[in-house]
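Undergrad: Work out the full structure: start from the sequences and follow the hints.
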Amino acid sequence: MQAFKNLKAVLLLCVFLGIYFPYKKTTLGILLESSTLY
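First residue of the sequence shown? That's 86 in this note's numbering, and the numbers climb one at a time after it.
For the record, the hints were derived by calculation from the structure and aren't laboratory data. Owing to the predicted nature of the structure, the values given are computational and were not obtained by experimental measurement. Any given hint might turn out to be false.
[Claimed, not checked] Listed below are the simulated SDA-like cross-link pairs for lysine to any residue, each with C-alpha atoms no more than 20 angstroms apart in a straight line:
(1) Lys90 <-> Leu102
(2) Lys90 <-> Val100
(3) Lys93 <-> Ile104
(4) Lys93 <-> Gly103
(5) Lys90 <-> Phe101
[Stated by the list, open to error] Using C-beta positions, here's what the derived DEER-type ranges look like:
(6) Leu97 <-> Glu118: 14 to 20 angstroms
(7) Ile115 <-> Gln87: 33 to 39 angstroms
(8) Ser120 <-> Val100: 19 to 25 angstroms
(9) Leu96 <-> Glu118: 17 to 23 angstroms
(10) Val95 <-> Ser119: 18 to 24 angstroms
(11) Leu117 <-> Ala94: 16 to 22 angstroms
(12) Phe89 <-> Leu113: 29 to 35 angstroms
(13) Cys99 <-> Ser119: 17 to 23 angstroms
(14) Leu117 <-> Lys90: 23 to 29 angstroms
(15) Leu98 <-> Ser119: 17 to 23 angstroms
(16) Met86 <-> Leu116: 32 to 38 angstroms
(17) Met86 <-> Ile115: 33 to 39 angstroms
Beta carbons are placed, not taken as given, at the ideal position from N, Cα and C, and that holds for glycine.
TA: Here you go:
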């Protein structure tokens, strides 16, 4: 059951990032996006 909750949280995070980053392409958004690549 815990794994299902974790999967649900990851899916929500992916949806949030998919909506948030294209919508808010500010300097902060670009910095956060580039920081995840390292």
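Undergrad: Does each hint hold? Answer for all of them.
TA: Each hint tested on the structure:
1. Lys90 <-> Leu102: Between Lys90 and Leu102 the Cα gap is close to 18 angstroms, so the pair holds against 20 angstroms.
2. Lys90 <-> Val100: holds (15 angstroms)
3. Lys93 <-> Ile104: holds (17 angstroms)
4. Lys93 <-> Gly103: Measuring from Cα to Cα gives roughly 15 angstroms; hence the hint holds.
5. Lys90 <-> Phe101: The hint holds at about 16 angstroms.
6. Leu97 <-> Glu118: 14 to 20 angstroms: holds (18 angstroms)
7. Ile115 <-> Gln87: 33 to 39 angstroms: About 34 angstroms separates the Cβ atoms of Ile115 and Gln87, which means 33 to 39 angstroms holds.
8. Ser120 <-> Val100: 19 to 25 angstroms: About 20 angstroms separates the Cβ atoms of Ser120 and Val100, which means 19 to 25 angstroms holds.
9. Leu96 <-> Glu118: 17 to 23 angstroms: Check passed, 19 angstroms falls within 17 to 23 angstroms.
10. Val95 <-> Ser119: 18 to 24 angstroms: Holds, at about 21 angstroms.
11. Leu117 <-> Ala94: 16 to 22 angstroms: Holds: the Cβ-Cβ distance is about 19 angstroms, inside 16 to 22 angstroms.
12. Phe89 <-> Leu113: 29 to 35 angstroms: holds (32 angstroms)
13. Cys99 <-> Ser119: 17 to 23 angstroms: holds (18 angstroms)
14. Leu117 <-> Lys90: 23 to 29 angstroms: This hint holds: roughly 25 angstroms between Cβ atoms.
15. Leu98 <-> Ser119: 17 to 23 angstroms: Check passed, 18 angstroms falls within 17 to 23 angstroms.
16. Met86 <-> Leu116: 32 to 38 angstroms: holds (36 angstroms)
17. Met86 <-> Ile115: 33 to 39 angstroms: Holds: the Cβ-Cβ distance is about 38 angstroms, inside 33 to 39 angstroms.
The structure fails none of the hints (numbered hints given earlier).
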